[in-house]
Amino acid sequence: MNGSAVYLQPAFVLQHRPYRETSVLLDVFTRDFGVVSMIAKGVRKEKSKIAGLLLPFSALRLSFVDKTELKVLSQVEYVDSYPLERLALYCGFYVNELVQIFVHKYDPQPEIFSCYERCLGDLLLGERIEQALRYFELDLLQEAGYAVAMDSEANGNPIMTGQRYNFLADFGIVADNEGLVGGETLSILAARGALEGRALLEAKLLFRKMLDGHLQGRPLKSRDVLAKIIKYL
Amino acid sequence: MQNQGLLKELIQSLCCLPGVGPKSAQRMAFHLLQRNRDGGMQLSKMLAKAVNEIGHCRECRTLTETELCEVCANPLRDSETLCVVESPADVWVIDQATTFKGKYFVLHGRLSPLDGIGPDQLGFELLEQRMAAGQIKEIILATNSTVEGQATAHFIGEVAGKFNIRATRIAHGVPMGGELEFIDSGTLAHAFNGRREF
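Taken in order, these protein sequences are the chains called A and B. So the first sequence is residues 1 to 233, counted in UniProt numbering. So the second sequence is residues 1 to 198, counted in UniProt numbering.
Note that these hints are calculated values from the structure, not bench results. A couple of the hints might just be wrong.
[Claimed, not checked] List time: in silico BS3-like cross-link candidates among lysine-lysine, alpha-carbon distance up to 27 angstroms: (1) A:K209 with A:K221; (2) A:K45 with B:K137; (3) A:K231 with B:K23; (4) A:K105 with A:K41.
[Unchecked claim] Derived Cβ-Cβ restraints for the label pairs, each shown as a range: (5) A:K49 with B:T98: 41 to 49 angstroms; (6) A:E130 with B:K49: 27 to 35 angstroms; (7) B:K23 with A:L25: 18 to 26 angstroms.
[As the list claims (entries may be wrong)] Partner residues aside, some chain A positions facing chain B, computed with beta carbon under 8 angstroms: (8) S81; (9) Y82; (10) R118; (11) G121; (12) L124; (13) V225.
Built from N, CA and C at the ideal position, the CB exists for glycine as well.
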């Protein structure tokens, strides 16, 4: 896409930080170009008309140009916003960080884009926030190419209720009497059923182990901040 | 041109100011040395003094050279309302523009999970202590109208609820003198959702 202009691409702002006097650097998740870094010039001026639009959790259409890796934003159209509140809002930042890490620059991921939209929609409802996060993590791992079958062991044996399982990196789900997740939870995940109580906790531990394996020691900043926020509530 | 020497160092040092690039820094340096050496001397003394002596207020964390800032030390100000802001500059603008007579709390930032900025970096322990002390009846959340500012407001509002303190958020929407036709869609949608009984 070097050197070409992109018109009104569906996108979400993942992160924004001030740059120089009046500009903003944006990490944007686009439908057809993956994560794109761009500069929005003049946004922090007093009379800027688009400052109120270029915020995370708003569905936008963006046009951008330039030959270098850092694109220049040329047009913004507002589509819809997801006014997340409280816990859903804090968790939204975590979802953004996951996308930032697992979706590569200029790597089109339209499936993850629609999973992201669905996840924001679920977070907006404000119920079952943790479940929305778990299924987003599952979708993200699958679409990013790290899929692990939830309905059978790595060796092909079907998942049994009452049996405990563990996850081994580069291998998959294996039976293990001391394992962190039960067969019931894996069955619910495979069927994308409602996660409650124990299943919710086990799914969290399972996905955390999977994600951490791919993060290779890189810390998730939003996860640490989220843990501290929850401590105060 | 000279690439070393005191003059060059001065120009480079002036570049640390916001909005000052090498060109303006050069003009400033020549002006101070050629036309206003007294002013330059005074500036250097004041800078050194301010940087050494100005710290944070024990109660509200705003910038002050005393242990308690002017607002916190003023017995005439209402201790029952607390206005939470992101930066010391916000204290100044609110004090000038409004009739607010309560006290302030300065976070020096906002919750920004992607940058790793959480409650600890914002002096939240001190804010919680003040809420727990029982004197505060209302907390006014005057953080910026960005997603991070909103997250900060939600978080402080939730903790205030735990202490049975009323939390209010400053209004956002159509600016004074603004015409609807020229307002961006995001702001207008927000203003519409936040409409009030009239």
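Determine which of the earlier numbered hints do not hold for this structure and return their numbers in increasing order.
-> When the structure is compared with the hints, numbers 2, 3, 5, 6, 9, 10, 11 and 12 turn out to be violated.
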